[in-house]
Amino acid sequence: MPPVRDSIEKQQNSVDEDMQKTHAKLTLAEVRAKLAGQTGKKYWRSIDELAGTPEFEQALRDEFPQHSSEWIDPVSRRGFLKIMGASLALAGLSGCTKQPDEPIYPYVKAPEDLVLGKPVYFATAFPFPTGAVPVLIKSYAYRPIKVDGNPDHPYNQGGSDPITQATLLDLYDPDRSKHCLYRGETSPWPTFLASFRSMLADKKPLGGQGVYFLSDTVTSPTLAAQWKKGQAAFPNAKFIQYSPVNRDSAYAASKAAFGEYADAQYRLADADIIVSLDADFLSGARHPGFHRLAKDYANRRRLDATLNGTASANYSMNRLYAVESMTSTTGMKAEHRLALRASDIEGFAAALAAALGVGSAPSGYTWSPEAQKFLAALVADLKSSRGRCVIIPGEQQTVGVHLAAMAMNDSLGNVGKTVVYTDTVNPMPSNQTDDLRSLVADMNAGKVDWLVILNANPVYSAPADLNFGDAIGKVGTIVHLGNHLDETGLQAHWHINAAHYLESWTDARAYDGTVSVVQPMIEPLYGGHTAHDIVQSLSFDNPDASAYQLLRQTWGDQAVAVVKPAGGDADFGWRKLLHDGFLSGSAYTPKTLTAKITIPAPPPQSPANSLEIIFRPDPHVYDGRYANVGWLQEIPRPITNLSWDNAALMSYATLDNMGVHEHQVIEIHLNGYKVLAPVLAVPGHPDGAITAHLGQGRSTGRVAGGTGFSAYQIRPSATPLFASGATVVKTDREWGLAVPKSHYIDHRATYVGGDGSGTHSLEGNEAIDRGIIRYATLDQFKKEPGFAQEGYGKDTPPPDESLFPAYRYDKNAWGMSIDLNSCVGCNACVVSCYAENNIAVVGQHQATIGRIMQWIRIDTYYEGDLAAPRAHFQPMTCHQCENAPCEQVCPVGATVHSPEGLNMMIYNRCVGTRYCSNNCPYKVRRFNFLLYSDYTTPSLKLMRNPDVTVRSRGVMEKCSYCVQRIQEVKIEADKNNRPIHDGEIFTACQQACPTNAIIFGNINDADARVTKLKKLERTYGVLADLNTRPRTTYVAEVINVNPELTPDVGA
Amino acid sequence: MAQIFDRSSNALARMSLVLSGLIIIALGVTLNELQRSPWVTRQGQRADQPVPFSHKHHVEGLGLQCQYCHVSVEKSSYAGIPPTRTCMNCHSQIWTNAALLEPVRHSWATGESIVWTKVHDLPDFVYFNHEIHVNKGIGCETCHGRVDEMPIMYEQNTLQMEWCLDCHRNPIKNLRPTAEIYNMDWKKPSDLNPVWCTATNVKTGTPTSESVNCTTVDPATASGTQLASLHLVETVDAQIAGAPVSDTPAGMLAPSVNYIKFTNQDALGGFLFKHYHIRSARELSSCEVCHR
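In the order they appear, the protein sequences are chains A and B. Every number in our numbering is 113 more than the matching position in the first sequence, counting from 1. Every number in our numbering is 171 more than the matching position in the second sequence, counting from 1.
Note that these hints are calculated values from the structure, not bench results. Any given hint might turn out to be false.
Said to hold, decoys possible - DEER-style ranges, computed between Cβ atoms:
1) 198(B) <-> 640(A): 54 to 62 Å
2) 233(B) <-> 640(A): 42 to 50 Å
3) 219(B) <-> 338(A): 53 to 61 Å
4) 1048(A) <-> 322(B): 35 to 43 Å
5) 666(A) <-> 266(B): 49 to 57 Å
6) 206(B) <-> 1031(A): 48 to 56 Å
7) 283(B) <-> 639(A): 20 to 28 Å
To be verified - Result set (DSS-like, lysine-lysine): computed pairs, CA atoms no more than 30 Å apart in a straight line:
8) 344(B) <-> 1088(A)
9) 1054(A) <-> 289(B)
10) 374(B) <-> 1125(A)
11) 374(B) <-> 924(A)
12) 445(B) <-> 358(B)
13) 289(B) <-> 1088(A)
14) 432(B) <-> 1088(A)
15) 251(A) <-> 289(B)
Claimed, not checked - Selected chain B positions facing chain A (Cβ under 8 Å, derived; list incomplete):
16) 298
17) 303
18) 377
19) 444
20) 448
21) 458
All C-beta atoms, glycine included, are put in the ideal place defined by N, C-alpha and C.
This is chain A alone, in the form it adopts within the complex (with noise of 0.2 Å):
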């Protein structure tokens, strides 16, 4: 470890010790005793705040958690925060002093079709792992500044997720590699093409031998193309691909059930059942076809015919079950939960598939009385909807449970109609970690002369059992092609500078098989090259062929065959392809395979007392690839709320069977393999396991080093999925988690008006009482339409009950509506606001102490029992209320109503009173305590929105409703003298949700989709008994639950 590590180690303990102080916990047997004796429906944020805890009771009196006179930032390494010293001083004066004189650059020669001060937007597509995102990129001066979902693609409709919508940041990096290395000194491109083509030019007679190559999953059929046609000149060379979190298990299984690569992919739109066998499927792109399948489940959840175009209201909604191991998002959307751990869900899938006829029950299992009976509930939900149903196995479980998927779905008749077998959207399906198991022994043997890895970082994330970084110094020469000079950068002889998929020329595969040309969007910042640049040299007819000659011999005839071009263009097909950004028509056909499928009996129950511990990827920065992108790293994480880190998480019990407390640093050992990691408990997750993202524990990077710990560190090649037989040892050290879930809350707690007995849930109250989430099941909504306002009759007083005038709204009236039974949680709004909005992260430290800037946050209410919670996600910002509190005590009028009625945040008015904040019941405005906007950093102001002012220290901030985008709209239609079409108007939000929850638009027009969204009996209004009257509104949930299983949920 480099000593500055050291010391910033140092300088990091002794936070933590100030940190140890605050966190005397509860005990999970006070907590359960605090508990016991509540009926009926209870919900709850946080642990601390269930229970009551002196220093809830202290943030609650509290209006940003501590001081705000607080100066000086201990992890100020993070470089995010810079104190200016005496220009602080004359910040004040400078508003009353002229402008510097400011250049202006025009063009020597402007680019023909460019208008300046108006974005273009262009197709292209991201490819990921798991299947290519389409996006459509917002492109100002030929700037990317905005990535979406491609609306116009088949496969996401314009939906995105978090990590599409963060490699923007990814792309102006400051971090990125910029130059090709030569043993660490500056040496040119060509140099290396020179070196590396005479070493092939020496290899050529041996048929390659001693040439690997290591990739990340290739994506790009033009890749695989060019690596047959390399194969077939050096056929001894090998291309083996890794990437940590890969698809071994669905390929596997594929294999042994059809003798060939398959994929699956599910049909939700026709499935009543949807049973999830630890398949995260909603909560982003870690899972293929995320953005499908969570349209497709949300599509069949809505219950009006406003949007999904049927007829009359379509009351057949789907129903969601879910066991799995880790809490995840598509656990807390189902109507039933069962959390088991990881290694029990293969043993849990046979027993179904054998309960469904299928191979036989799994010896020597024992199930808990409630899994018991779940399993005979789903049975026979499952028969009753024959080809109605579906079963998704877990990217991350194993064979087995693939197998026994595929089994059900087929005796259950569901194989043609739920789901389809295709082609694979990888077009070099292989088992990676057995490849990657047999390079690391050719690298031990001595048998590996040049070793080129492509975008994949194995130093990092190689399982601990491999010794990758020992095997790599046997290797005669490394290059490492990255973006970022990562740990396998820094081992590697050459390091070649990577271009980002935003600057350069690829294709790939979506979901559904449809193919991407991704086109670059800029010239390359720093130069960088591309995996089709080094695999061309192979071929020796045409080395120097660029990616976009290869793209258009592999899909140049296609495109053009596709499209005929009326006015005789040969080229129109292609761009036409390009234009779209994906070519038509070449979705997969589903294949016809006869499937020979035998569920291998499933290993031994682990026992009770054994701990497992469970890999899996980071919902946001995944195997550790975006690491370094602030915004995923600071946006609190779904279910864990977690910022920045990554933790041990383990459930309330096993942290209690532990003796340990939440955050405190662990030992876990594994293997022989230790790490450290702190611990953190999340509701719902299995007892017995400990759940560890991978993905973080960077040694590289100003904003990924030192974030958590590398669970690679003790991750098995054998069982790289999970792992049983680890042990624990405790340590009397302390890690200061960044959990922001309890720093959005009332002013109001017990000692102003709670009862003051320790089992008062603030929030959790207000959720009920006040009827912050609403929500019925299908029976109960069936019976009562109206449930969401029954029983809460003060919704909307009357408008004279306000001392301040009503304002009259004569032409547009901006509302949104949030639809609670689509909305996944999945955050991919809150980086789209991120992005379009200019949001600063404010680092660790900042985070901890509740200065999160994040304009959109997704509200998490858990209910029930803290090993079974059910959660209800509410996206939270600004409600633009119609009496707004906020507005009423700003003493400088920096926040004032429009015609229209936003609330309107004037950044150069506002003098930081926070008066607004304190004032404002939702808590979803943002204060800059401190100067968190980079102003420096030349590729972070390439990145910016130049339509929204970039925030300096000291003012107030909040959601505006992307009021960038309705002035852009409005001059549009201003101009034509016409009203604002409906839908012309998306926010960012909006715009990113996969599931389109959040709709927009102008309740004065009676057409509008909000304003019927608006009209439902389901809508509600948060804390609208204030008169408030909230431009926001929601649709309660309804849950369409199996009533063998809880007859007592719901309203």
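Chain A is already provided as a structure; the job is to place chain B on it using the hints.
Chain B alone, transformed into the frame defined by chain A:
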């Protein structure tokens, strides 16, 4: 013990009270004046530019149209600063050796921008949009002054918020027909210089430039070609030939048929305000119009 303060101190004390009051007032007045002074606003200041480009010569002398250089003024927030190529369109042929044009040739040869100094420099937190102004009847000259008479470009107006709001609160006083946007010498209507306007196309969705026709020549005596508007439709043509023109106030006759004579800016502005669908003063002076 002798008194520390002499009796005369009383006078001093009183005087200092008055004086400090005066000083505070003077300071306030000074700061107020300073804030609005050309030193801060740069009103009227001629910045040092790499090339002493003369708008007077090019616009008044040669008759170049504004959009020849400022191409995006009608379609973008940003009017556009011409690329070097625009200069070279002519200056590769004429004045090819002029010393003054050396920076232009240098830019053309090296591909480096000519670095101009911004004359109309708004604060960074203000979002100004050219397209909506020129599409709604605010002429270039209204804000930029008689550019055709400026040998060196300078700021005619302060560009301060009070100046913006002055018009946003009452846009009628500055509206002109969109066909006259680029007319540097547009005169507000008067008894001597009346303006005749007709609303030609009143359905929604019609761009402002097509919704009103105006002329400074009496349509009763004029032939169609002299009309200022380029968007004359045939029906109007026919009507002009025969129909009597009335100066009855707007609304009494079908506006698409007859021209209305305007002899003062308020009447013309009111007519255009209505037919250009200009937003109300309340909407126009709402903060989010300029601040985001």
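How the hints compare with the structure:
{"no.": "1", "hint": "198(B) <-> 640(A): 54 to 62 Å", "result": "holds, 57 Å"}
{"no.": "2", "hint": "233(B) <-> 640(A): 42 to 50 Å", "result": "holds, 44 Å"}
{"no.": "3", "hint": "219(B) <-> 338(A): 53 to 61 Å", "result": "holds, 59 Å"}
{"no.": "4", "hint": "1048(A) <-> 322(B): 35 to 43 Å", "result": "holds, 38 Å"}
{"no.": "5", "hint": "666(A) <-> 266(B): 49 to 57 Å", "result": "holds, 50 Å"}
{"no.": "6", "hint": "206(B) <-> 1031(A): 48 to 56 Å", "result": "violated, 32 Å"}
{"no.": "7", "hint": "283(B) <-> 639(A): 20 to 28 Å", "result": "holds, 21 Å"}
{"no.": "8", "hint": "344(B) <-> 1088(A)", "result": "holds, 20 Å"}
{"no.": "9", "hint": "1054(A) <-> 289(B)", "result": "holds, 20 Å"}
{"no.": "10", "hint": "374(B) <-> 1125(A)", "result": "holds, 27 Å"}
{"no.": "11", "hint": "374(B) <-> 924(A)", "result": "holds, 18 Å"}
{"no.": "12", "hint": "445(B) <-> 358(B)", "result": "holds, 21 Å"}
{"no.": "13", "hint": "289(B) <-> 1088(A)", "result": "holds, 27 Å"}
{"no.": "14", "hint": "432(B) <-> 1088(A)", "result": "holds, 25 Å"}
{"no.": "15", "hint": "251(A) <-> 289(B)", "result": "holds, 27 Å"}
{"no.": "16", "hint": "298", "result": "holds, 7 Å"}
{"no.": "17", "hint": "303", "result": "holds, 5 Å"}
{"no.": "18", "hint": "377", "result": "holds, 6 Å"}
{"no.": "19", "hint": "444", "result": "violated, 12 Å"}
{"no.": "20", "hint": "448", "result": "holds, 5 Å"}
{"no.": "21", "hint": "458", "result": "holds, 5 Å"}
In this structure, the earlier hints numbered 6 and 19 are contradicted, and the remaining ones agree with it.
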